[in-house]
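Visitor: Given next are the chains, with one letter for each unit.
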Amino acid sequence: MNRRRFFQLTGAAGAALMASPDRMTSVLGAPSSTRDLVRFPEKTEMILLTDRPPQLETPIHYFRQDLTPNEAFFVRWHLEGIPTSVDLRTFRLNVSGHVRQPLQLSVDELRSQFEPISIVAVNQCSGNSRSFFEPRVPGGQWKDGAVGNAKWTGVPVKSILDRAQVKAGAVDVSFNGLDAPPLPSVADFVKALSIDHARDGEVMIAYAMNDQALPMVNGFPLRLVVPGWYGTYWVKALSEITVLPNVFSNFWTDKAYRIPNAPNGTESPKDLAKDTVPINRFNVRSIFVRPDPDETLHPGMPNEMEGIAFDAGYGIRRVEVSTDGGSTWADARLDSEIGKYSWRRWRASWTPRNRGQYRLMARATNAIGETQSKEQWNRSGFMWNVIQQVDVKVG
Amino acid sequence: MTPRIKSVVLLVGIAALMAGCRRSSNISKEPEHGIANGKMDSMLDAKPDSPVHTIVMPHDEPLFPPGPGHDEFVAACVVCHSTRYITMQPRFSRTTWLSEVNKMKNVYGAHISDEQVVKITDYLLSVNGKPDSGQAPKGTYGE
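The listed protein sequences correspond, in order, to chains A and B.
Residue 395, in my numbering, is where the first sequence stops; the numbers in between run on with no holes.
Residue 1143, in my numbering, is where the second sequence stops; the numbers in between run on with no holes.
The set of hints was computed from the structure by calculation and includes no laboratory data.
A quick note: this is a predicted structure, and the numbers were derived from the prediction, not measured.
Idealized CB from N, CA, C, for every residue including glycine.
There's no promise every hint is true.
So the derived list for chain A, only partly shown, Cβ under 10 Å to chain B, looks like this [said to hold, decoys possible]:
id	residue
1	41
2	88
3	92
4	213
5	221
All chains, full assembly: derive it from the sequences and hints.
Guide: Dropping the structure here:
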């Protein structure tokens, strides 16, 4: 088929759509409160943001479980060329650069030759909850589901770098995956950490997620895990580690994924920050998982409110809940801590007395006194942690 | 990995768009009351014993209505990404859409002329636009 014929076909299809009002609504109608669900390979039904490359959001009810099931874990790729087939007989993790002993490791060698560790850690997209920023900003229009909590098992990057014998003067370590740009002009997606961060013994290469192989769209066979840091650093289908004697520089670090160098990454739409830094560790936030916003509660009936709270690993120390739109607050009960990088569940009992509308709010505070913001904005829609409001009806 | 050859990618993109013309059946609506399906087990694809692990990606790309700039939009944009990159956005002003299209050209290297930038911006405005408020934020990167 030549290009002309192709455009004739799509034009004809478009015309057919125009003639069909209900289809038009579903294609380009007004924004709807419901979103499409889609099923990708090895995944359950997920909220569809985009299909190529895939961006899939986790429905909130999965957060009623402490560990997010692999098949429901959110998905976010940048480049059109994502890996869809991996041959474990030929796949190698290459370690090179400023080292004495470059390595080529198979997944079997990673499993058998290194002492494994497991860490339960939250992974959250930098742009989670972007759709709540006002004024709205372009980008993946996530609600609260670009986050998940999993038990990651694998090898500390430190163990691998020790075997590779890093030379003196190493500065950064870069991480590249199997994904590929659709055009030569698009920068390959590569991220870097400082040598000290990469060697902290917690940054790890995971070959298992909740004791199973990773789904392909979550980074099979290997994924970088950077506990407490935003998902942009958690390189999927990790295949290349390069130790550098200089500061790493590329588009995805120099231009993309930067935040204002200001408290909580906030700036004004009228006065954009000139000083920006690469996004890094999580701020503190909490998310309601119960009740459902659309649920109708009943006067005099006890309710159990529930949610999750997490931060960069300092630890959640307090969650306060309000049922009157923030006028009064009461401490929620915290479940026991699963691990410092895991989220922590909170619960609060509430018996609404009267019929009417109630505004529920939750505010988390961590061990270094960081708490959630009342308002926040930045041009990229990163690091949302405004105190959540859930409006429920008692009737 | 090294970037693939453009012509191959263009073919892949077109093939993907054509595949998208068939609305596949794996899309449904998010239930309004959230709580759904407990039948996780049946949704898992069995892991093959084979050392080669392969998946087939579904494509569900909305078709866009004809209009001025439609062909430029299809030719320039779907090579690298799904049309859902447009439909998932809220309605944006001309300032924001123009900024996005210019980003695709200048930063990611989309093969479009300045004239085509304007045509594509007009088209995006016609399908998912709103009047300029004078304060619309310009897009940045990595979002």
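Visitor: Of all the hints given earlier, name the ones this structure violates by number, lowest first.
Guide: When the structure is compared with the hints, only number 3 turns out to be violated.
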